[in-house]
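Residue numbers (my numbering), protein chains in the order written: chain A, 1 to 285; chain B, 1 to 398; chain C, 1 to 214.
No lab work stands behind these hints: they were computed from the structure.
Quick caveat, the model's predicted, so the values are computed rather than measured.
Please note: incorrect hints may appear among the correct ones.
What the hints assert, rightly or not - Keeping only pairs whose Cα atoms sit at most 16 Å apart, straight-line, the calculated EDC-like set for lysine to aspartate or glutamate is:
#	chain 1	residue 1	chain 2	residue 2
1	B	K100	B	E281
2	A	K257	B	E274
3	B	K51	A	D214
4	A	K263	B	E281
5	A	K134	B	E290
6	B	K269	B	E9
7	B	K269	B	D54
What the hints assert, rightly or not - If you anchor each label on the Cβ, the simulated ranges turn out as follows:
#	chain 1	residue 1	chain 2	residue 2	range
8	A	S2	C	G65	37 to 45 Å
9	A	K257	B	Y370	49 to 57 Å
10	B	P396	A	A275	57 to 65 Å
11	A	A275	B	L176	55 to 63 Å
12	C	K39	A	D65	23 to 31 Å
13	A	K254	B	K386	43 to 51 Å
Backbone N, C-alpha and C fix where the C-beta goes; we use that ideal spot for every residue, glycine too.
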Amino acid sequence: MSLAIRIIPRLDIKGPNLVKGINLEGLRVLGKPEAFAKFYYKQGADELFYQDIVASLFGRNSLHDIISRTAKEIFIPLTVGGGIRSIDDISNILKAGADKVSINTAAIENPDLIRSAARIFGSSTIVASIEAIKQSDGSYKAFTDNGRNSSNKEVIDWAKELEQLGAGEISLTCVDHEGSGNGFDLKLAKELYNAVSIPLVIHGGAGDKQHVLDVTRELPISGIAIASLFHYDFILNNRQLDGFEDEGNIEFLKSNKVPSSIKSVSIKKLKLFLAGNNVNCRIDA
Amino acid sequence: MPFKRQNIEKQIQLIPKEVLWCKRCVVSNQRPRIIFDDEGICSGCRNTEYKNNDVDWEKREEELVKLLDQHRRSDGHWDVVVPSSGGKDSGYVAHQLRYKYGMNPLTVTWSPLEYTDIGFQNFQACIDAGFTNLLCTPNGRFQKKLARLCFEELGDAFHVFVLGQSSYPFQMAKKLGIKLVFYGENGEAEYAGDPEYADKPFKPSTEFVKQHFKGVPFKELLDFGLKNKDYLSKDDFAESDLVFYEPPPIEELNEAGILGMHFYSYYHKWSPQENYYYCAEHTGLKPNPERTEGTYSKYSSLDDKMDGFHYYLRYIKFGLGRCLEEAAHEVRDGHITREEGVALMQRYEGEFPQKYFRDFLEYLNITEEYFWEVVDTWRAPHLWKKVEGNWQLRHPIE
Amino acid sequence: MRKPYKIAVLDYKMSNMFSIRNALEGLGFEVEITSDYQKIISCDGAILPGVGAFPEAMKNIKELGLDSIIKDFILTGKPFVGICLGFQLLFDRSDEIEDTLGLGIIPGEVLDFSKLGENIRVPHVGWNHIEKRSIISKLKDINYQDIINDKESFYFVHSNFVKPFNDNHIFTETKYAGIKFCSSIIKENIFACQFHPEKSGQKGIKVLSKIFNK
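Just need the whole structure built from these sequences, with the hints factored in.
Right under this line is the structure:
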């Protein structure tokens, strides 16, 4: 396959800050999203993903400014998710400069939104996001509001339905693995990959470059979204401590620590590692 | 005959009749022992200011090291008792004391009324992180009746847990000859209670009745129950079943050299959210697989099925529910803005903890109708009004 | 030679044109997003962008009269660029959703990937590389041969692909799911590509810069 795997840094954003949780919980601030985005672009990221993690919780959208600023300087595709509830919301986010929108909560509450949006903006513009949490009986349910409220929809069935509705891609977040650095949920990823015939991006669990390689070995996944692994690498050399007066708890940033479960790595190094292991990925010369 | 409650709960009689909301965070003046200053800012916010600007944390850590040096033992005996649920706060304290400061903690756990799956899982994970643990489960026949008494006459079934959680560690400390008892947070400091103890390294047991036991000593509570409740009699317990509901007398504690509740939050700047991250990394802590009812978070106080009713009754009694408690702390910590705190409260505050309602009714051996009868007697008239058959807060947060 | 400085981005109410504008403005060009005849004709270059469905695009284009404007602009000999859906619209017809006639400027048709085989995952999304064919066209002093290097990677996102009837128009080809499809064409002063140069990093920006510059 000459189509390269997409390495997609995922930035969780709250207000003006980039935050990083564990299992989609916690608002630990790591810095300003623009700084991370610029760095990742230079390092050869294939796409960027911005998630407004409190948009659904607070019933708001507030990423337009950062989207516009990003789009002026960063010329790779930008997907934006978080609190997108209507055709107007989608239109505004695209106008601000995003290329794709990611929808979760609103799709569960009103699946028809996906159908209308795909028709109006094109399937390839609409990414359906699924937040999967494992239940005590081994099944996976899809959650909304940043991994908070159960929809009672079983993940695989819901993914199939989303494809029928016209979603262009599925982005799967393994909530139980997210932020933990314990690796991806390969079993779930494979099951979902086999259940649909649209591209799949997996997110949640990368703690080591080996984890990323493992996914590519298990299945011909279209893209891998990565947060902790890259963010904690960035702050090793780029710790910004001012500009958080209005909001943002930077106790962790001030502490100068790095979580032990994350063997952070830069995008460049990760891609070289993958290429060295015969994975087709784009190396920006 | 409809339920009619008595007036042994002391706190509720002292709250102001005019409801005010803190201008900076989202707590109200209805919280027992809170103080609002002339600018309309609560003691919790003032304490946070103080924590952020005026405390020399390096010096505090030096004090901690000095204290621990005095108590550390190398003879194979425990040197500190850590009351621990296995949750984010106690897990953090136990882990730090052992792995950072080289102490020999004994973790002691006063059992939740009924363990949730995630609670028990986290409890065991914490033990697996390297701690010997004593789990004490009180006489169920007695405790359930006591819980019902507390629900009816104190407006909080969960009170039985608080009694044990504040007392059992001291009983064990005395029995085992351990002088240091380390709790995590100073609730009065962190959650806008009595500012008098906001900045002290420990709290003596003489303060427990006022600050933790709603002004009612345990024996008084029990006597009241025996006299007034037909479901509770001397047959339901032996004297030995009562030991862990009260700390040892102050004279015995003094003689044993046990000063009281030490607070880790006095020595290290306390951030519940950072404790979550710490424990996720070090003690195998996992958050709730779904949002905790009554609030927006997934990492706070997950171990007891009955926990939700403690917060729900607090919401009825004071208009202060679970969401408010967490939101206020996060606003003060700077995780969220006041507007966001208000938005969260408007969405989740007062959410009924439906999931374990059946379990709660069974635990107390009451019907659903009776539950609501009792609940309604706890609605302070200055807080609640009925609008078209539905109860509403008179002064919700704006 | 006159250096192009104002570029019309044709607005047919369907696409996110802001990336294109950001890219062009970043290069120092003046950008006019419009469907107005006068404004377009007076520009030094024009781009037909596009994301969305072929039938709806053609409907809008016809309603706005853009079909004749495009043809007139191309007749002026100034550089004309088609991107993604804008590339596909230049052809005779497409079978996306329903059989629809295109602008008919370049002989060929647009076909659906998924109709070619069982296991073809659509859309084709991500970075893929191009293989260059030898040069066809030269416009004044612009050597199109130089705008792209062989084996360079660009960003693709599409479910349909073009099949030009005239082999001489094919500039680059790309492989996906075992199929080799045409990823860009050159015909006289038209350069059109399936990929998104404005989303392909610095290399993509360079392509735009070379087309509209000397």
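Verification of the hints:
Annotation: proposed proximity of B/K100 to B/E281 holds, straight-line Cα distance about 15 Å (limit 16 Å). With a C-alpha separation of about 12 Å, the suggested pair A/K257 and B/E274 falls inside the 16 Å cut-off, and the hint holds. In summary, the hint linking B/K51 to A/D214 is not supported, as the alpha carbons are separated by about 46 Å, beyond the 16 Å threshold. Taken as a hint, the A/K263 and B/E281 pair is honoured in the structure, with Cα atoms around 13 Å apart against an allowance of 16 Å.
Restraint check for A/K134 and B/E290: satisfied, since their Cα atoms lie roughly 10 Å apart, inside the 16 Å limit. Taken as a hint, the B/K269 and B/E9 pair is broken in the structure, with Cα atoms around 33 Å apart against an allowance of 16 Å. Restraint check: the Cα-Cα separation between B/K269 and B/D54 comes to about 12 Å, which is no more than 16 Å; the hinted pair holds. Checked against the given bound of 37 to 45 Å, the beta carbons of A/S2 and C/G65, roughly 40 Å apart, stay inside it.
Taking the beta carbon of each, A/K257 and B/Y370 are about 52 Å apart, inside 49 to 57 Å as hinted. Checked against the hint of 57 to 65 Å, the pair B/P396 and A/A275 passes, with Cβ atoms roughly 58 Å apart. A beta carbon spacing of about 60 Å between A/A275 and B/L176 agrees with the range 55 to 63 Å that was offered as a hint. Look at C/K39 against A/D65: about 29 Å separates their beta carbons, and that is inside 23 to 31 Å.
Against the hinted window of 43 to 51 Å, the Cβ-Cβ separation of A/K254 and B/K386 comes to about 50 Å, which satisfies the hint.
Checked against the numbered hints given earlier, the structure breaks hints 3, 6 and satisfies all the rest.
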